[in-house]
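Engineer: The primary structure of each chain is shown beneath.
There are 2 protein chains.
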Amino acid sequence: MEPSRVDAVIIGAGPVGLFAAFELGLFGIKCKLIDTMDRAGGQCAALYADKPIYDIPGMPSILAEDLVGQLLRQVAPFEPQFTFGRTATGLRRLDDGRLRVAIDDEAVDATVVVIAAGGGVFVPKPSLSEQPGGDGGYVMKPSPVASWDLTMHDDLILVDTEKFQTSVTGVFAIGDVAWYPGKLRLILSGFHEAALMAQAARRIVRPGERLPLQYTTSSSDLQKKLGVA
Amino acid sequence: MEPSRVDAVIIGAGPVGLFAAFELGLFGIKCKLIDTMDRAGGQCAALYADKPIYDIPGMPSILAEDLVGQLLRQVAPFEPQFTFGRTATGLRRLDDGRLRVAIDDEAVDATVVVIAAGGGVFVPKPSLSEQPGGDGGYVMKPSPVASWDLTMHDDLILVDTEKFQTSVTGVFAIGDVAWYPGKLRLILSGFHEAALMAQAARRIVRPGERLPLQYTTSSSDLQKKLGVA
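For the record, the sequence lines run as chains A and B.
Numbering-wise (the numbering used here), the first sequence opens with residue 1 and increments by one.
Numbering-wise (the numbering used here), the second sequence opens with residue 1 and increments by one.
FYI, nobody ran anything at the bench for these hints, they're computed from the structure.
Any given hint could be a false lead.
Since copy identity is lost for identical chains, a pair holds within one copy or between any two.
[Stated by the list, open to error] Straight-line alpha carbon distances no greater than 35 Å define the calculated DSBU-like cross-link-like pairs of lysine-lysine that follow:
1) K125 / K51
2) K125 / K183
3) K163 / K141
4) K51 / K225
5) K225 / K141
6) K125 / K224
What you are looking at is a predicted structure, and each value in this text was computed from that prediction instead of being measured.
Could you build the full structure based on these sequences and the hints that come with them?
Structural biologist: Below is the structure:
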């Protein structure tokens with residue numbers, strides 16, 4: 001089967017992967033998100049969907065599942081593609097410079113790859129779970145990305161704090177899977193990392209474009225992309 | 001007059017200053033926020049209070065004044081002190097290691113100082129404004145902090161990306177006034193910077209404490225501080 005093509009593959013459709021698709025969308029970059037789970041939300045959906053979070057900036061309290069819902073609404077204008085229930089198992093550079101992501105037995109070619117896979121991948125619990133009530137839940141397994149040829153820091157992916165790029169050009173890592181000095185595994189840090197990653201990814205996907213920083217509050221161009229102009 | 005004392009002085013009560021008080025509050029650090037304006041909100045209140053922002057993570061659209069209101073609600077459990085209509089004009093190290101912040105003709109002594117003053121300070125427009133309808137608005141002037149003895153990058157304060165500390169130990173800079181490679185002047189970056197700053201500030205204010213990362217979703221200690229336990 002011929003590999004499909006997209007500007008950016010985002011591995012992981014948790015809060016940070018969703019916001020990465022939003023930030024890339026502001027630059028007109030089309031994204032495909034891949035997640036082992038059968039829906040978006042990552043840890044927020046798998047581990048504490050019905051629990052309140054109190055430290056998302058500007059939200060005195062929000063249920064994890066509601067945060068996921070709001071992030072899905074926010075990214076919706078950019079119509080990201082979702083591939084659920086599939087695992088990104090391999091990554092290699094093609095002769096033309098693009099990156100080929102293996103997804104089980106399929107493949108997708110992308111200009112940039114963003115790893116936002118949290119600390120691992122969530123897979124359904126075995127149906128004969130020893131834990132009462134465990135059926136229907138998820139357990140976390142190490143992500144296959146840990147075995148890719150990226151410079152690691154223990155079991156996390158080393159990135160710089162300017163672009164959140166890994167040791168491989170065009171491959172970025174953000175959220176809980178990324179490490180740099182001072183790294184905190186907070187959702188809000190993943191959001192910041194997504195914004196800076198998007199600036200760097202844009203330079204790769206659209207190398208000729210002028211790059212003034214635009215604000216959604218004042219830019220009619222961004223508002224048009226968001227469908228609010 | 002005897003200087004007052006507080007754990008942390010935050011210069012600037014815009015969105016980033018407010019969230020800094022929240023993050024420090026999670027560690028039990030008491031804050032005084034100083035702002036030249038007569039209310040909280042910084043640029044969000046002075047320049048575009050009634051305008052929607054579309055790129056705050058998890059908020060598809062929010063008016064700038066509503067974002068400020070929500071940040072005030074979020075920090076309220078920690079009862080920060082606000083000093084409005086006053087300008088921080090000077091900073092010096094005392095013999096005992098604390099920092100003395102001059103506020104016009106008063107002073108306050110703090111263990112750490114967080115500069116979150118945006119690109120400058122907002123002062124009321126002159127009443128004989130040349131702009132029709134200009135009365136009641138604000139204009140931005142350079143902040144006096146630019147003249148303090150901190151290493152600068154052009155007119156911004158150079159910080160590291162681990163602690164967001166300036167060239168002076170115990171003095172941090174976050175938000176639009178701070179610079180590091182890749183810096184974007186986005187509200188969401190200021191939020192991330194506030195979280196990492198708070199970790200470093202805690203080590204100075206409470207050097208003996210153990211430092212496991214706690215989550216508001218699962219920590220009964222943090223929930224008690226927030227008044228939601």
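Engineer: For every hint, state whether the structure bears it out.
Structural biologist: Checked hints:
In this assembly of identical chains, the alpha carbons of K125 and K51 lie at most 35 Å apart only when taken from the same copy (20 Å versus 46 Å across copies). In this homomeric assembly, K125 and K183 come within 35 Å of each other (Cα to Cα) only inside a single copy, at 30 Å, whereas the closest approach across copies is 42 Å. For a Cα distance limit of 35 Å, the shortest separation of K163 from K141 qualifies both inside one copy, at 27 Å, and across copies, at 31 Å. In the homo-oligomer, the alpha carbons of K51 and K225 lie at most 35 Å apart both inside one protomer (33 Å) and across protomers (17 Å), since each shortest distance falls under that limit.
Proximity of K225 to K141 under the C-alpha cut-off of 35 Å is restricted to the inter-copy arrangement: shortest distance 34 Å between copies versus 37 Å within a copy. In this assembly of identical chains, K125 and K224 lie within 35 Å of each other by CA distance solely across copies; the values are 33 Å between and 43 Å within a copy.
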